[in-house]
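Using the sequences plus the hints, can you model the full thing?
Chains as they are written, first to last, in our numbering: chain L, 1 to 135; chain E, 1001 to 1103; chain C, 2001 to 2110.
In case anyone wonders, no lab produced these hints; they're calculated from the structure.
Beta carbons: idealized from backbone N, C-alpha and C, even for Gly.
Any given hint might turn out to be false.
[Unchecked claim] In silico lysine to aspartate or glutamate, EDC-like type, Cα no more than 16 angstroms apart, as pairs:
(1) E:Lys-1014 x L:Glu-88
(2) E:Lys-1042 x L:Glu-88
(3) L:Lys-62 x L:Glu-23
(4) C:Lys-2073 x L:Glu-88
(5) C:Lys-2069 x L:Glu-88
(6) E:Lys-1042 x L:Glu-110
[Said to hold, decoys possible] Covered stretches of chain L (chain E as the covering partner; in silico rule of three or more C-beta atoms under 8 angstroms from a C-beta of chain E):
(7) 37-51
(8) 83-90
(9) 107-120
(10) 126-132
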Amino acid sequence: MSNIKKFLYLNRKAPYGSIYALESLEVVLIGAAFDQQVSLAFIDDGVFQLAKGQDTKSLGVKNFSPTFRALGDYGVTKLYVEQESLSERGLTAADLMPITYEDENDGFAEKPSINVVSRSELAGIMREQDVILSF
Amino acid sequence: MTTLHMVNKSPFEKNAMQSALGHALKGDAVLLFEDGVYGALKGTTVASELGRIAGEVKVYVLGPDLTARGLGGDGRIADSVTVVDYNGFVDLVTTHQRTQAWL
Amino acid sequence: MAYVINGTEVEHDEEGYLTDINQWNPELALEIAKGQQLEMNDERWEVVNFLRNYYDEYQVAPAIRVLTKALAKTMGPEKSSNKYLYELFPYGPAKQACMIAGLPKPTGCV
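Structure, rendered in structure tokens:
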């Protein structure tokens, strides 16, 4: 199909201080019904969305971080995380939760969805997109 | 008259924490909560701000907000910062003559 | 608006979805199903339990496309076709089964 476009959701906000992160995730889930090529990027405070071990019980708000692990079922298998944004925040890839998808074209092998990329690599990825949605 | 300075914004997005620390005087306290808790992390580009005022101004961080964000584990927070729970938050409010929010 | 189970009221929204998913129990599922003119049988329970497990793990109710794909993997192709699921839940498997499972309405489900 020629009308498949490349969509990138650009996430720049921390998860619970504002509604952006949750809204972005919901739009991704809804948008995934439209058979487009969707990927997510996490830069600036957006990298905090993927921090592992989130536990919001004492806050009384929903911990939506497990939902990132469902994205593979929705055909969203590329989550780009910017290395510089991690480093500025004292984080490494090991501080992020493991997220995998099953590759249907490779015997359902489990593969990592998170790709840590440099700022310049991400700039290149952004240039390849048809649509970038900012959250 | 000491002041409790309250910061709920990420220091990587807003300069509220930097400004609060810059205006806090000896005996004041700074409480980091909500997205402000990211300012308490070790090894970040803003961590040196905390060191600069250590000894003059006590910095506290709200534990439940750390835990929610996956930062509740050992060794994630700068050594000069003290973790408090909701009761500790109330104590801070009552032991300072006023609170000032840095939005 | 509320379902009544053994004299206890369990609140739901105008469509019938539970206000608080933690109030769900199997007895309540039977009651919600009755309101949908559905009788629970093993096949319907399989789907409802699957949805509950999925929600428990991912904190989201799966879209229908995701549901059929995931069911195909765990229960085999004959129990995952759209046709099979619509026979069990005529008003939409994602919608109706989620309601019986006590989950929120699936994201993007109109």
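Right, here's what the structure says about each hint:
| no. | hint | result |
| --- | --- | --- |
| 1 | E:Lys-1014 x L:Glu-88 | 15 angstroms, holds |
| 2 | E:Lys-1042 x L:Glu-88 | 10 angstroms, holds |
| 3 | L:Lys-62 x L:Glu-23 | 13 angstroms, holds |
| 4 | C:Lys-2073 x L:Glu-88 | 41 angstroms, violated |
| 5 | C:Lys-2069 x L:Glu-88 | 40 angstroms, violated |
| 6 | E:Lys-1042 x L:Glu-110 | 33 angstroms, violated |
| 7 | 37-51 | holds (count 4) |
| 8 | 83-90 | holds (count 3) |
| 9 | 107-120 | violated (count 0) |
| 10 | 126-132 | violated (count 0) |
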